[in-house]
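> Sequence:
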Amino acid sequence: MPVPVPRQRAIPAVECGQAPAASPDSGPSKEQAPPGTHPAEHPTTRRENPTEKREKPTDTSPDTSTGTDSRTSTGTGTGTDSRTSTDTGAGRTHTDRTTQSAAPTNLTVLLIEDDPAGSPIVPDLLDQAGKPIRVRTARNLTEAGRLLTDDVHCILLDLALSAPAPARTSADGGGNGNGGGDAEDHDELAVLRHVLELAPRHAVLALTSSSDAERGAEAVAVGAQDYLFRDELDGRLLSRAIRYAVERKRSDSAERRLAEGRLRAQENRRLERGLLPTPLLAGSPLRFAARYRPGRSRALLGGDFYDVVRTPDGTVHAMIGDVCGHGPDEAALGVELRIAWRALTLAGLCGDELLGTLQQVLEHERSDDEIFATLCAVDISPDGRRAGLCLAGHPSPLLSRPGEPARLLPYDNNGPALGLLPGARWPRMQVELGAEWSLMLYTDGLIEGHVGEGRERLGQDGMVEMVRRQLAEGLAGEELLRATVNEVRELNGGELADDLAVVLLDRTA
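Each residue of the sequence shown is one higher than the one before, counting from 34 in our numbering.
Incorrect hints may appear among the rest.
As a list, the in silico DMTMM-like pairs of lysine to aspartate or glutamate whose alpha-carbon atoms are at most 20 Å apart [claimed, not checked]:
hint: 1; residue 1: K164; residue 2: D184
hint: 2; residue 1: K282; residue 2: D259
hint: 3; residue 1: K164; residue 2: E280
hint: 4; residue 1: K282; residue 2: E396
hint: 5; residue 1: K164; residue 2: D267
hint: 6; residue 1: K282; residue 2: D184
hint: 7; residue 1: K282; residue 2: E293
hint: 8; residue 1: K282; residue 2: D362
hint: 9; residue 1: K282; residue 2: E251
hint: 10; residue 1: K282; residue 2: D191
Derived by calculation from the structure, the hints in this document are not laboratory data.
Computed from a predicted structure; not experimentally measured.
Go ahead and model the full structure; you've got the sequences and the hints to work with.
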């Protein structure tokens, strides 16, 4: 019977694929320091590092088995170990693996198995480029938790591993998972679930016996990427399975993140769409049209806001406003102001009293004292021939009537924006509309777009000329708004940086 060779302490170079060459005459050779290694780090001159023992816990005990070989590594059988064995058939001592490349490995694998004899269940592994795959070995979940660092790509879990101590009963006797019946099934799946909770971002390969394929299938159902039979492993099969598991985990994670992103986007769209107003014009002869484009990318809601409601006395109230800024906070504040305006309007407030109350809402809800909002509010009489107009730092509406060029309503009595001056007042101006008319309310996003490649902006005068031309072409309602917004975008050379909202009210004789 050959004399067992004592197992030597593992060193990081073995784990990293920098295994020393073994001489047939003198046994394992001393590890050569890799290029660029500091002399103090050379294993022949440094003291034993407890961290290395923790990384390779299976290397600290001598090999007491009477098999045909004895190893200087953890017994994981990776391409990173250096081993010597005695071949009883040929009566010679030989080296299974010689010096490996000092190049860093691409994949790192954590093997979790508790074979007390230290016999390997993992053969030599090479990645797709032919480099050795780095393998760490843990005998229990506690060691696995210490060795599971960010550079680990895949976990090989032996399903015969003992269950976590808290999950075991005294009847189990503290054994290593060799009990029978339902307890064993529960323990094996509990170990896998524990590993999946411990490493939710890592690929997991379950190792089981060929007689227990059902257990492997259950492991995949629980969350493992695949399962393999311990007694049928070879290096090529396992290397390919590891690469497949890693890529599948990456693909599953990417697909999950994409699905979560889509779900959040859908929820945001439903939420934002629900926050857009539904005009309350039942019983009114006026026609309504609107266009809304937030400046934020992929958003449905911006800092601009508008609303139209008809009160029981037949008066139609319309409003459009703009919160300074373009982020989600400004969008939320715009929604609050719109809802507050609707509630105050339905409660019977109008003109200066309504705007003063709305300013109080703004002052209480804004996140910064510098935030303000502009607003234009009109109230159209039940007969549709007259309207009251209040401006709070907002551009004046555009009025067009048959036989007359479109023009801006007077804005001499324009009051300050909401949130700028405490105790401010907003005069209400009376405007004659006539029997047939079209009234356009808009935010500054419509007039502040650039014209061409220079710094010139469209402005109110440019907008008025553009709308006059489109009205002369016979456009009205939705078609007029669509053509106006599209032309503004074309003049700007692309999407507008600011939020944009346009409301159009029409009355025909």
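> When the hints from earlier in the document are held up against this structure, which numbers fail?
4, 8
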